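Participant: Here are the chains, one letter per residue:
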Amino acid sequence: MLSLVVRLQAPVLENRPSPRHVFVLTVQAPQIAQSVRPGQFVMAAVAGQGDIPSPLLKRALAVFTVPDREATRITLLIKILGEGTRRLSTLRPGDALDLVGPLGEGFDLDRGRSRINLIVVGGTGVASAYLLARELARAGEEVRLLYGGRSADDLAGLAPFEQLEIPIITTTEDGTAGRAGLVTDALRECLEQYPARHLNLYTCGPNRMMQVVSEMAVPLGIPCQISVEIKMACGFGVCLGCTVKTTGSYRLACTHGPVFDASEFIWEQSG
Amino acid sequence: MLSLVVRLQAPVLENRPSPRHVFVLTVQAPQIAQSVRPGQFVMAAVAGQGDIPSPLLKRALAVFTVPDREATRITLLIKILGEGTRRLSTLRPGDALDLVGPLGEGFDLDRGRSRINLIVVGGTGVASAYLLARELARAGEEVRLLYGGRSADDLAGLAPFEQLEIPIITTTEDGTAGRAGLVTDALRECLEQYPARHLNLYTCGPNRMMQVVSEMAVPLGIPCQISVEIKMACGFGVCLGCTVKTTGSYRLACTHGPVFDASEFIWEQSG
Amino acid sequence: MDHDIDLSVEFGGLRFKNPVLTASGTFGYGIEFTRFFDISELGGFCTKGLSLEPMAGNAPGRIFETPAGMLNAIGLENVGVDAFIRDKLPPLEPYDCHVVANILGKSTEEFIRIVEKLDPQPKVSAYELNISCPNIKQGGMQFGHDPKLTFQVVDAVRGATSRPVWVKLSPNVTDITVFARACEEAGADAVTLVNTFVGMAIDVYRRRPMLSNGTGGLSGPAIRPLAVRLVYQVAQAVSIPVVGIGGISCARDALEFLIAGASAVQVGTANFVDPLTGPKVVEGLRDHCREQGIPAVRELIGSLKPIAEGEFVYY
Amino acid sequence: MDHDIDLSVEFGGLRFKNPVLTASGTFGYGIEFTRFFDISELGGFCTKGLSLEPMAGNAPGRIFETPAGMLNAIGLENVGVDAFIRDKLPPLEPYDCHVVANILGKSTEEFIRIVEKLDPQPKVSAYELNISCPNIKQGGMQFGHDPKLTFQVVDAVRGATSRPVWVKLSPNVTDITVFARACEEAGADAVTLVNTFVGMAIDVYRRRPMLSNGTGGLSGPAIRPLAVRLVYQVAQAVSIPVVGIGGISCARDALEFLIAGASAVQVGTANFVDPLTGPKVVEGLRDHCREQGIPAVRELIGSLKPIAEGEFVYY
Ligand SMILES: Cc1cc2nc3c(=O)[nH]c(=O)nc-3n(C[C@H](O)[C@H](O)[C@H](O)COP(=O)(O)OP(=O)(O)OC[C@H]3O[C@@H](n4cnc5c(N)ncnc54)[C@H](O)[C@@H]3O)c2cc1C
Ligand SMILES: Cc1cc2nc3c(=O)[nH]c(=O)nc-3n(C[C@H](O)[C@H](O)[C@H](O)COP(=O)(O)OP(=O)(O)OC[C@H]3O[C@@H](n4cnc5c(N)ncnc54)[C@H](O)[C@@H]3O)c2cc1C
Ligand SMILES: Cc1cc2nc3c(=O)[nH]c(=O)nc-3n(C[C@H](O)[C@H](O)[C@H](O)COP(=O)(O)O)c2cc1C
Ligand SMILES: Cc1cc2nc3c(=O)[nH]c(=O)nc-3n(C[C@H](O)[C@H](O)[C@H](O)COP(=O)(O)O)c2cc1C
Ligand code: FES
Ligand code: FES
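Chains as they are written, first to last, in this note's numbering: chain A, 15 to 285; chain B, 15 to 285; chain C, -7 to 307; chain D, -7 to 307.
Simulated from the structure, these hints should not be mistaken for laboratory data. All figures in this text were calculated on a predicted structure; none of them were measured in a lab. Incorrect hints may have been included.
Pairs of lysine-lysine, DSSO-like flavour, derived with a Cα cap of 30 angstroms [stated by the list, open to error]:
1) LYS109/C with LYS245/B
2) LYS297/D with LYS245/A
3) LYS297/C with LYS259/B
4) LYS259/A with LYS297/D
5) LYS140/D with LYS140/C
6) LYS109/C with LYS9/C
7) LYS109/D with LYS98/D
8) LYS245/B with LYS98/C
9) LYS272/D with LYS297/D
10) LYS272/D with LYS245/B
11) LYS272/C with LYS297/C
12) LYS98/C with LYS109/C
13) LYS297/D with LYS115/D
14) LYS93/B with LYS272/C
15) LYS109/C with LYS297/C
16) LYS98/C with LYS259/A
17) LYS93/A with LYS9/D
18) LYS115/C with LYS98/C
19) LYS245/A with LYS98/D
20) LYS9/D with LYS109/D
21) LYS259/B with LYS297/D
22) LYS115/C with LYS245/A
23) LYS140/C with LYS98/C
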């Protein structure tokens, strides 16, 4: 069976800027808000650009939150990196977003039943973590957020997590917020504190961070799911462009992922 | 000597929509406002698009008015035809326009000294006519505007002409404003009313209209200047893309024109 | 919807309800798009390139976006012809549009064996021989850059099936008409063009190719003017039908190809940009014909009037 | 401005203060741009193609915009070499940047006569032989699509001048390295590539070509990935310097060409989009080198590390 995916024009309701070129878009998209699962994403572009948008391809973005009780809206937390995200940053209320989604498989939440679920996050990876944390918290599972950045300004999108009333450990390299150090230092402490069989890990963020997290978790036999970011042309499994290497075979990040099991994922090889 | 041409980012002050996909942009551009001559134009694009704007090339647009006494602003009267003008139509106050100008030779006003100057206009040709009418009126020359459209809604940009207190004859094909008929019918009446040696013509508008005007004026020996619209890549004489055919030789619409003498201009030949 | 306009085209023994197909490698195995629209609205679609055995494709770093285009070096990842027949073809049964099997072999024999496997499948309407993929070492451009090999492989496949045989041509040659003529002589029912143009993008920080394969194939609106010209050139040179491909995003683009001489078109990269591009092009063609008073779209095919000596037009 | 970074490059007997030139046909005769910036900031520029006699060029309908690019069929309108020497060269005297005369002849003899006229002019630094213009009937691609003729014309010009001779190559061929090698063997000091790709656009209402010439040459960002790959390929194949051209709009684009193996680059169509692109690229190269700790830009030339077997990168 094909999963439900819609293509729609979502009216922009709000564009709230954060420090460090991050902004949070709120758009009207009930079909997505009502069906999205933690870890899923959308393909997005500025609407109304005619037949040849610029840039041409949509950009993959995690669904950050579903902010209203009626589930008619979604938010996207986006960092300006290049032309695609820059154009998205110019959206204002009254404009619209072309969306395709929800896409991807998302996280497997069953793995962490009755374990301590640690969500290790860096950068815009935070956007993939909120629905996950919320779902785990709602299911009554124990869940903690470990969120690291270079400085306080990097810790965008914390507010909604605070409302979940889950333990949050923040780290900054320069000590301007939370503990001074790396998020993986905080993780190490947790790993020393609890027996491996009580833990379940999720990690979203820069590849280098996720690789370190994986290399800490996998040897201890701790289940660890990573959510990877990789260039995508279509987002729904037809261009075959978003391949990642896993033990055994190539897999598509957009349909098999973006969540992969850390023990199966093969990190990049480059001399 | 090279004429003064500047390249600047002009803040958008106002975008006022008219019927029939026409809008009038007001931008801050003192360097252009202070030096522009009637019939000159600018090359314009939405600013802030990064290194590769879309569409790639700027669009040629006449300087419509210089609305403030201090000459710090210019207005552009634009009709949405394709992607370039559509993108320009989305500009709002706070945005900016990339401009190169003023460009082109503009009208030769000496031709009409002590004659009755008839300015025959259709469509967005009106944008090239206002500064001309103003300058002639200020110089104390006799000047009349003949402005035609299919219906009342087509007669954009009339207001500033009304303030010049010059005679204005409007025509519409459906009779919803001014006289019913074509602007060339109104012109014919003028040509019958006055001896040819008392007249001097300017015309800006669709090629077909200008061609009819030319074919009325030239055999009578009435001086007639036309302002042509043709695709331009650079606007300042280096791409050699905007050639038109005149008796004797090719000429560049952007540097030799956009104003040409009707008696020299060769209209398109197509089977 | 009012169906006064006749959008159908007929060529190479097949009738298409409209001249809009979707291109190989950009439409999956068809079924993926049924969640966006009823693919019966299309004239047809071309499958991802099918090989005798499943292919894993190239290592990651397969795509990179470029101005108005994209580079790809997928390396022809596909499920293989057997899995296609077993898993991909049956779900297409209910859809009323032509399925064109895009096939690729490392040798003439492989092409023939693939055709032999597909020939008993009634849901397949035609074969499109991919002899022009720039992203694999063997079996791609090796055939498509040598007119003799082109002739051989087309001739052999022609002898092996009674189904229409289309041949997909590479644009990366000095004179594409040589290859089109080789196909015509070998009995091809149509040539389809263009496949992608070889290109490259470089990570300027790491100083490495963006694609693991080094080079990739450029597609998308960027290549449209190049493709239109090649289609025009080929349509002048051969009398077999031409299917036009390259950067089509809307009906206006499709019209360029039809007027240049294409009997049908394929939409490729635009399927990623907007999965509804196919039906949008179909509707746009209908609108254009209606507005311009053209009763049947086929009247447009090859209707370009060249500029005569002394003629010119101001734009 | 802080000049800690060494942007200079040296090749073919010339030293350039930076590797950024502007391309023939997009920079007029140079002087037109002095109202926008001091052209001494450039490494150099190439003049509009100069012929023995003035040329009127093609009829109107010479340009058409395409996605991220443009088609042109100017037809080499130019003032002719005599008027160039008389009117265009003297005003360039005060500017400290290399003037590369882009020249074109209908025959080898014409090339030589043009060179003979320019050789006494000290302000001209080098010749760029245009054997690759797609928009004229004679003297353009006629030389550039036949390796033997390419060799002949380059060899003859080589014999006629002691100035650096660059040869501008056509990308519209199956294997560009054949032509680059012919130039190398004939003693060219550098090859410059690419000239434009042949393309076409159609007025779908009138069903006529948009360009009076029928076809035109595609330039602009759209072609960049194709040009980068050709430059890489040629830089691998010959040991004479390569000058990279095609769709450069910013320093990042220029870096792709340098890393691929170009000793310098030329900015073309982008001069229309923003007349200040040249100096912007120069500054951007300086910034890049500074940020990346690269003391001299020439270290980047040809520094591409190919992807080794088994390597791959996630983007
Ligand atoms: C499943 C998924 C979910 C995601 N979720 C989010 C999210 O929630 N929030 C978010 O902000 N992001 C998210 N991303 C990442 C997001 O998709 C990218 O940041 C975005 O696509 C970047 O697009 P861009 O056009 O802004 O940048 P691009 O132009 O694509 O460039 C990206 C980076 O590459 C560099 N680059 C480009 N060309 C070159 C070159 N030639 N050499 C060297 N470097 C180059 C640029 O400088 C820039 O740093 C997600 C990605 C995936 C796959
Ligand atoms: C000196 C000068 C002054 C000007 N002044 C003004 C002015 O003051 N106000 C004003 O509004 N305009 C003015 N113009 C005209 C203006 O420059 C054009 O309208 C503008 O460039 C159109 O750009 P666009 O991107 O919107 O349309 P484009 O995309 O360039 O298209 C223009 C038209 O061509 C059609 N077209 C595009 N491609 C094709 C195809 N393949 N087949 C058939 N048709 C096609 C489009 O449908 C559209 O109708 C002036 C032009 C010049 C040269
Ligand atoms: C991601 C991708 C994969 C492709 N795979 C194939 C393929 O398997 N077989 C084939 O013949 N062409 C393949 N192509 C080429 C397209 O079918 C088409 O010829 C080309 O992309 C030009 O059309 P476009 O500009 O509309 O995309 C592929 C193109 C892309 C972008
Ligand atoms: C309008 C125009 C005119 C050109 N005229 C010439 C010319 O006279 N001689 C030449 O060698 N190349 C000519 N070219 C090609 C450019 O020099 C350059 O090779 C090509 O445009 C690719 O670079 P770009 O993509 O940066 O424009 C011309 C290009 C354009 C767009
Ligand atoms: S992005 Fe196209 S297959 Fe995954
Ligand atoms: S528009 Fe470039 S020369 Fe006139």
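Participant: Hinted pair, alpha-carbon criterion (30 angstroms max): LYS98/C, LYS259/A. Please report holds or violated.
Facilitator: Holds, at roughly 25 angstroms.
Participant: Are LYS109/C and LYS9/C close enough, with their CA atoms no more than 30 angstroms apart?
Facilitator: Given that 30 angstroms is the threshold and the Cα spacing comes to 27 angstroms, the pair holds.
Participant: With the threshold set at 30 angstroms, check whether the alpha-carbon distance from LYS93/A to LYS9/D stays at or below it.
Facilitator: Not OK: LYS93/A and LYS9/D at ~38 angstroms, beyond 30 angstroms, violated.
Participant: Need the status of pair LYS259/B, LYS297/D: alpha-carbon distance at most 30 angstroms?
Facilitator: 52 angstroms, violated
Participant: Given the hint that LYS297/C pairs with LYS259/B, does the C-alpha gap stay at or below 30 angstroms?
Facilitator: 22 angstroms, holds
Participant: Please verify whether LYS297/D and LYS115/D have alpha carbons no more than 30 angstroms apart.
Facilitator: 39 angstroms, violated
Participant: Is the hinted pair LYS245/B and LYS98/C satisfied, with a Cα-Cα distance of at most 30 angstroms?
Facilitator: 48 angstroms, violated
Participant: Quick one, are LYS109/C and LYS297/C close enough, alpha carbons at most 30 angstroms?
Facilitator: Judged against 30 angstroms, a Cα distance of about 44 angstroms means the pair is violated.
Participant: Given the hinted pair LYS259/A and LYS297/D, is their alpha-carbon gap at most 30 angstroms?
Facilitator: 22 angstroms, holds
Participant: Below or equal to 30 angstroms on CA atoms is what counts here, so check LYS109/C against LYS245/B.
Facilitator: Outside the cut-off at roughly 54 angstroms; violated.
Participant: Check the hint pairing LYS140/C with LYS98/C against an upper bound of 30 angstroms on the C-alpha distance.
Facilitator: Satisfied, since the Cα-Cα distance of roughly 16 angstroms is no more than 30 angstroms.
Participant: Would the pair LYS272/C and LYS297/C pass a check requiring their Cα atoms to be no farther apart than 30 angstroms?
Facilitator: Roughly 27 angstroms separates the two Cα atoms, so the pair holds.
Against the hints set out earlier in the document, violations occur for numbers 1, 8, 13, 15, 17, 19, 21, 22.
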